[in-house]
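Given only the sequences and the hints, what does the whole structure look like? Please build it.
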Amino acid sequence: HFGSKPRPLISNDRRMAADADSLVARYGAASGEQTHSAAELLRSEILRSQAPNNIPAALKGVDIRAPALTKKAAFEGQIDALAASLDACQDAGAARWILTLISDMLREDSSCFSLFEEALGKQVNVYQKLLDVVTRQGTEQYVADKAAWLLSSVIGNAPRFFTEAEIRGLVERLQRQGSACSELGVLDALVNLLKADTFRAVLWKMPGVSETITTVSAQNALSPYLYKCIFAMWLLSFEAEGALNLQEDILVKKLRDVLVHSRVEKVIRLSLTVLKNFLDRKAWAEQVVELGVLEVVQQLEYEKWRDSELYDDIRDLACQISARVADMSNFDRYERELKEGTLKWGFIHSSKFWADNVLKFEQSDYKAIKMLAALLHSPDPTTMAVACHDIGEFVACHPLGKKKIANLQVKERVMELMGSTSAEHREVRREALLCCQKIMLNKWQDMDNFPQ
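Residues 1 to 452 in the working numbering are what the sequence shown spells out, letter by letter.
Honestly, I wouldn't trust all of these hints.
[To be verified] In silico EDC-like cross-links for lysine to aspartate or glutamate, where the CA-CA straight-line distance does not exceed 16 Å:
#	residue 1	residue 2
1	LYS129	ASP63
2	LYS370	GLU340
3	LYS72	GLU45
4	LYS352	ASP327
5	LYS253	ASP312
6	LYS370	GLU335
7	LYS404	GLU362
8	LYS129	ASP91
9	LYS352	GLU290
10	LYS122	ASP80
11	LYS195	GLU164
12	LYS360	GLU340
13	LYS304	GLU265
14	LYS282	GLU248
15	LYS72	GLU40
16	LYS72	ASP104
17	LYS228	GLU211
18	LYS266	ASP312
19	LYS370	GLU412
20	LYS344	GLU427
21	LYS228	GLU164
22	LYS228	GLU172
[What the hints assert, rightly or not] Just the calculated beta-carbon pair ranges, DEER-fashion:
#	residue 1	residue 2	range
23	GLN219	ASN357	28 to 38 Å
24	ASP365	MET415	19 to 29 Å
25	ARG263	MET415	47 to 57 Å
FYI, nobody ran anything at the bench for these hints, they're computed from the structure. For every residue, glycine included, the Cβ atom is placed at its ideal position computed from N, Cα and C.
Okay, structure coming up:
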């Protein structure tokens with residue numbers, strides 16, 4: 001079919017309209033992978049068809065399949081033609097053709113955004129013209145997605161022409177129940193808006209935006225959808241630490257799950273790039289180490305990849321994470337946390353850390369253990385829970401652990417915490433119970449005290 005000569009059109013636009021309407025019906029009813037493939041099929045049909053009659057005169061002779069710079073020439077010096085084209089999008093048939101032409105032009109050559117910058121500079125209301133298309137009752141999903149992509153792309157590339165109120169208005173309409181846009185269309189628009197660092201913080205705080213990015217299923221999501229979510233994370237990874245209210249553990253877990261389940265090379269490559277960016281920031285690096293990302297990355301080296309350079313990317317990231325693991329496993333870091341007086345769950349409170357570092361707690365007459373015992377009186381429930389856990393690990397791992405703890409009269413305080421009735425001490429009671437069990441457990445070395 002694709003290798004044959006173009007089919008003659010019946011009454012010019014009638015055949016194109018009939019074919020496109022058929023595909024639009026399928027596109028609107030589809031979901032997931034069907035939506036994506038149906039949209040591509042509709043676009044292919046539009047590219048093979050002649051232009052509708054009701055498009056601006058400046059576009060009459062333009063081949064929709066022409067190179068981007070050829071299309072750009074049709075608008076250069078004729079900003080009125082661009083404005084007229086956006087106005088013509090109120091008609092469904094014209095909108096399909098015009099929005100496909102313009103979006104393909106911009107995707108192929110980003111220098112074409114200068115046309116919109118010129119139009120915005122001359123007070124052409126690009127925002128309202130395209131928003132009207134997105135929100136018009138009965139707008140086809142294909143048209144709504146294209147209009148949303150175009151408007152958000154222009155904002156992402158020329159944010160100085162737009163206001164925070166306009167960004168909020170667009171996002172609210174995109175996420176509104178009954179929106180004509182598909183899920184992928186909404187995600188495309190949100191990612192385009194995140195490209196504008198001016199509005200990134202505002203956008204991320206808006207209801208539903210972060211959830212759209214972070215709740216994507218690593219196992220079941222369509223590859224284009226998954227890639228877009230990771231691309232959004234890549235944009236976020238350039239923000240200064242603390243600039244946005246990001247939940248590091250959620251994003252790192254999502255990337256780890258993607259590396260476990262996805263085998264799409266471009267998805268894996270982008271995920272590795274995002275993780276590399278995360279390693280440059282302390283809070284992110286800690287989550288990468290503590291959530292076991294290293295083992296998942298190392299496993300990727302045993303997969304079969306078409307791109308040989310991907311193996312180098314995998315090994316490079318594994319080396320970087322390994323270096324972070326070594327840095328985060330050292331005893332100095334544990335001592336710093338003790339001095340700060342606040343303990344939180346993490347790698348330096350794991351069984352592996354204690355097995356590797358327990359003898360270092362003998363330094364300075366067991367100073368670290370004495371500081372740990374003092375934190376059993378902390379007002380912070382998490383600190384008390386972690387302290388109970390670590391004292392239990394010391395008792396279990398150190399040859400003289402039980403005796404040293406007895407000298408500090410720790411058991412009495414641990415038993416007090418076991419009996420706490422405070423609702424916020426649930427985790428404290430649990431860890432205190434486990435700690436007490438380890439303290440009370442007879443060890444083989446204690447048998448030396450028994451009479452022979």
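Mind listing which of the numbered hints don't hold for this structure, in increasing order? 1, 3, 5, 12, 15, 21, 22
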